Amino acid sequence: MATQTDFAYYYDGSFDGLMCCVFESYEQKEIPVDILTAAAAPQLFSGRTIPTDPHRADRVLASIPKKLGPAALSFVKHAFLTCLPRKELYILLFLRLGYKHGPAVMNMLADGIVNTLFKAVNHLNRESHLLKGFLRFSVCNGVLVGEIEPKNFVLPLLTRHFCERYPEERFLIVDKTHGMGLLYQPHQAKVVPIAGLELPELGEDEQTFRELWQLFYDTIAIRERYNPACRMSHMPKRYWKYMTEFDRPQDSVKPKQLPSAGKLLNPAAGAEN
Amino acid sequence: MDIFDKLKILTDAAKYDVACTSSGVDKRATAGGIGNAAACGICHSFSADGRCISLLKVLMTNICAYDCKYCVNRRSNDTPRAAFTPRELAELTINFYRRNYIEGLFLSSGVLKNPDHTCEQMIEALRILRDDYRFSGYIHAKAIPGADSALITRLGMLADRMSVNIELPSQSSLRLLAPDKSKESIFAPMGHIRETIRENARDIVRYRHAPKFAPAGQSTQMIIGATPDTDYQILNLTENLYKKYNLKRVFFSAYTPVAEDSLLPAPDTKPQLWREHRLYQADWLLRYYDFTADELLDQQHQNFNPYLDPKCTWALNNLHFFPVDVNRAAYRDLLRIPGIGVTSAKRIITARRTGALRIDDLKNLGVVLKRARVFITCGGKTADGVKITENTMLRSLLSAKTLEQYRFGFALEQLALFDQPPTHPYAGRTNDNGYPDGLRLLL
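Chains as they are written, first to last, in UniProt numbering: chain A, 1 to 273; chain B, 1 to 443.
So that you can see chain A by itself, here it is in the shape it has in the complex:
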C-alpha cells in the first residue's frame, strides 16, 4: 500500500521524466503531494528531484499498453499535452488506478481522476480541431507562415493534418504560448523551440488575397440573420486575434481599391513574391 507523502517530485518537464516519477512512486511505495518542474515552481514544496533515466522510462512505457491497453497509452500521452493544472499528478494517479483495474480504467468515467483527465483531453482535442480550421497562413517568400496561441500544446496534434494537406509546401506554424514551432518541408516535419518571429512585410499578392477573403467573409453573411452570440459560441473571441478576416480596423468593412483581376490571376505574373 502506497503512503501519501508531504513532499513533491521535481522532474525535467519531459514525458520520459514523468514516466520516471511513476517508476519512483512504485519503487518507494509512495504518492507525492505534487509533481513539478523545477523551472515552474522552485522550492515551493520540499521535494525530491527525480532524474530522467531512459531505461526506467522505457520500462514504464512498455508496461502501460500491456497492463492498461494501448488506448490508455495514447490517452496518457495526450493528457501530457493538456493545460490541466497538476496534470502530472493526475496522470500518476490515473496510472496507479489503471495498474489496479486494468483496461477497464478507460471506462471509469464517473471516477474523479479519470473524469478530470478525460475532460482535459477533450479540451485538447477540441482546441486542436478548431485550430485546424481557424489557423491562417500568410505566404511569405513562398513559405506558409501561421501563428497560434493555444491553451494546450496542440502542435503534435496538428502535424499530421497539415503535412497531409500541404505535402509539397514549406510551412511554419508558431505556437506563441509554448514558444514552439512546427517546421515542414517536403517531406519532413519537426517541432522545434522558436523564441521570436518577425514576419517580413506582406507582398502585394498576399495583401490582395487577404482582402478578397475579407470581402468574401463580409458578403457571405445574411443581414436578416445577424447573430453575433451564435458566432461567438462557435468561434470564441480568443481565436480571432490571428484570423485574417478580423485583421483590420473593425469599422472598415468596405474593401479598398485593389489591383485588377488580370494582374492578380495572370499565371505569367510569377510565383508569390
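Just so you know, the hints here were simulated from the structure itself, not pulled from any lab data. Keep in mind that this is a model prediction, so the values were computed, not measured. By construction, the Cβ of each residue, glycine as well, lies at the ideal position given by its N, Cα and C atoms. Take these hints with a grain of salt, some might be off.
As the list claims (entries may be wrong) - From the structure, some residues in chain B lie toward chain A, with a derived Cβ separation under 8 angstroms: (1) S47; (2) L264; (3) P267; (4) P271; (5) L357.
With chain A fixed as given, assemble chain B onto it according to the hints.
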C-alpha cells in the same frame, strides 16, 4: 470587371444556399498535389450570422435563364450580373485553400444559356482544380436540373458531394413560385445521382481504383415559410428523402424575402428562424436518435411547438415511457430522455460497464440534469427531492411563464412571444386535408 466585383456579386448570389458541410469523405493529397479532407468536416470560420464557413461558396455565374419568384437571381430581377471563368475560379480556390481559409469549393450556378452549357463550365473549373492543381480538397457541386445525365455524371466524378435543391416542399408550391421547375426536373437528377452512386460503389468493390462518384453522397435543401406547407409535410418529405434517395443531408432555409411578389410573403417578413431551428432539431432526431417523423408530428399536430423542442414535446406526449433507468436502458431509450444527447448516452453506456451509476455520477459525466432529472432513475432511485409526475416534468421543461402559455393553448401565444404578426397571405390558413399539395404523390 475585376475579381473583387465578381467575388462580391457571385458570393452575394450564392449565400442563400445553406449547405456548408465539408464532411463525409476522408482523403489525402496525391503525390505532387495539394489538399486533404477530414471525414468529420472542418469549419474555417463563422460569419456574422453565426453560420459556418468551410467552403468557398460562390456561383459560377448569376446570369440565369429561369425566373423563379423566390430567387434573387431570377431573370426579371434587376441585379448586377457576373461570371467567373473556370480558371479564375480555380485559382481563387487554390489561393484561399493554401492560406487555410477554406476546406474547398461549393459551386453552384445560375443557368447560363442552357443547363448543358452551364454544367460544362462547372466541369471545366473542377477539372482544372483536380487535374492541373491535383487538388484533393472538398468540392460540393450543385447539379443543374435539366442538364444531360452524362454531364451530371462527369460533374459527380470530379466532386465529393452533389446536391439538387428541392427548393419548395411540394409540387403545388413549385408550380406557384418556380414555374420553370417541376418535380420531375428535380427528382430526375436526384435519382440519377443515387443510381450512379450505387453503381459506382459496386465498381469500387470490383476495381479498387475505380474513380469515385460523389463519395460524400448527395444533399438537398428546401425553403421554409414561403409557402403554406406544414412542418409535418416537410418532415415526412425529409424522412422519405433519407430513405428513398439515400440523401446524406437535408437542409432547411427560412425564407428571406429577396423579391416583392403578390404570391410571396411581404418583403418585411422576418425569416422564420425558430421554425427552421425546430426542423433541424427534428432532422437530428431522425438521423441520430432513431425517431420517425410520425412520432414527432401527426395529422392533428402539423406544426412544431415554438416553446418546446421536438424531443421534449415527444416526451410530454409519451409520459408512460418514463422514468427511464439509466443503468438498464438501451442506448436508443437513453436518447429519448430530454437533456440526454448522443455524447451523454454514449458516456453512460461506457461508464456503467464499470459499476452502477448514481445520480451524482451523471453530473461527473457531463450529463445536464436540469431537464433530465425528472425523467430518470438510477437503480430505482430518483434525484434528491424530485418527484416524477406529469407536473414536475412539465415544469422542468418550461419556465413558469411559458408553462402558463403552453397550457393555455398554442395558437395565441405564438404572436405574443415571437412578435411575428401574420403578414403573408398564407398566415393563419390551415390545412384541412392533411396533404393538400399532393406530397405523397411527390414521393
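How the hints compare with the structure:
no.	hint	verdict
1	S47	holds, 4 angstroms
2	L264	violated, 15 angstroms
3	P267	violated, 11 angstroms
4	P271	holds, 6 angstroms
5	L357	holds, 6 angstroms
Hint violations for this structure: numbers 2, 3, all remaining hints satisfied.
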